[in-house]
Amino acid sequence: MIDLDEALIAAMKRRDQASMTAYRALKTKAAVKAAEPGRDEAQRKPSEEEMLALVRREIKERKESNEFLAPSHSDYALNENIIEVLEQHLPAAMSPEDSEAAIQKALQEVEPAGPKDMGKVMAVLRQSAPTIDMGAASGRVKELLVAKQDA
Numbered sequence: 000m001i002d003l004d005e006a007l008i009a010a011m012k013r014r015d016q017a018s019m020t021a022y023r024a025l026k027t028k029a030a031v032k033a034a035e036p037g038r039d040e041a042q043r044k045p046s047e048e049e050m051l052a053l054v055r056r057e058i059k060e061r062k063e064s065n066e067f068l069a070p071s072h073s074d075y076a077l078n079e080n081i082i083e084v085l086e087q088h089l090p091a092a093m094s095p096e097d098s099e100a101a102i103q104k105a106l107q108e109v110e111p112a113g114p115k116d117m118g119k120v121m122a123v124l125r126q127s128a129p130t131i132d133m134g135a136a137s138g139r140v141k142e143l144l145v146a147k148q149d150a
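For the sequence shown, the positions run 0 to 150 when numbering that gives the first Met the number 0 is used.
There's no promise every hint is true.
As the list claims (entries may be wrong) - Below are the EDC-like pairs computed for lysine to aspartate or glutamate, each with C-alpha atoms no more than 16 angstroms apart in a straight line:
(1) K119 <-> E108
(2) K28 <-> E48
(3) K62 <-> E99
(4) K28 <-> E49
(5) K104 <-> D116
(6) K141 <-> E79
(7) K115 <-> E142
(8) K115 <-> D149
(9) K32 <-> D15
(10) K26 <-> E47
(11) K147 <-> E110
(12) K62 <-> E47
(13) K26 <-> E63
Unchecked claim - Simulated restraints, written as ranges between beta carbons of each label pair:
(14) P36 <-> A100: 37 to 43 angstroms
(15) E110 <-> K62: 33 to 39 angstroms
(16) R13 <-> Q126: 35 to 41 angstroms
The hints are simulated quantities; they were obtained by calculation from the structure and are not laboratory data.
For each residue, glycine too, the CB sits at the ideal point set by N, CA and C.
With the sequences and hints as input, model every part of the structure.
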């Protein structure tokens, strides 16, 4: 798990603006998560899974922000640097071969009747293969389900 305080101190010592901004943003999101209603004292610190979700959300927000900025804009470059810093904390993505194997396994487990069961397949896939590229997997699952229905 990312030790945000330690990472932030190291970034401050290096005077790395992108890293400082990235870790401050994560620290803020983690504090908001910890203060959610219904969390008791034992749950005050976000879990590893929750921290990964926060990192992914921050990356997504930075990418979406860059969609509206010109590459010559100073914030565009800062966002790209922040994304680079945050991506270091994500687990390595699955290879295409491993992704295909995980999709086939999920299809066998769910035994879908057609595209209407896509949500069930994706839920199983999300649990069994958390490092899979869900966007690519979604397209592949849909393709297989449509082919199965047409057959």
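To see whether the hints hold, each was checked on the structure:
| no. | hint | verdict |
| --- | --- | --- |
| 1 | K119 <-> E108 | holds, 10 angstroms |
| 2 | K28 <-> E48 | holds, 14 angstroms |
| 3 | K62 <-> E99 | violated, 27 angstroms |
| 4 | K28 <-> E49 | holds, 10 angstroms |
| 5 | K104 <-> D116 | holds, 15 angstroms |
| 6 | K141 <-> E79 | violated, 31 angstroms |
| 7 | K115 <-> E142 | holds, 12 angstroms |
| 8 | K115 <-> D149 | holds, 13 angstroms |
| 9 | K32 <-> D15 | violated, 26 angstroms |
| 10 | K26 <-> E47 | holds, 14 angstroms |
| 11 | K147 <-> E110 | holds, 11 angstroms |
| 12 | K62 <-> E47 | violated, 23 angstroms |
| 13 | K26 <-> E63 | violated, 20 angstroms |
| 14 | P36 <-> A100: 37 to 43 angstroms | holds, 40 angstroms |
| 15 | E110 <-> K62: 33 to 39 angstroms | holds, 36 angstroms |
| 16 | R13 <-> Q126: 35 to 41 angstroms | holds, 38 angstroms |
Comparing the model with each earlier hint shows violations of hints 3, 6, 9, 12, 13; every other hint is respected.
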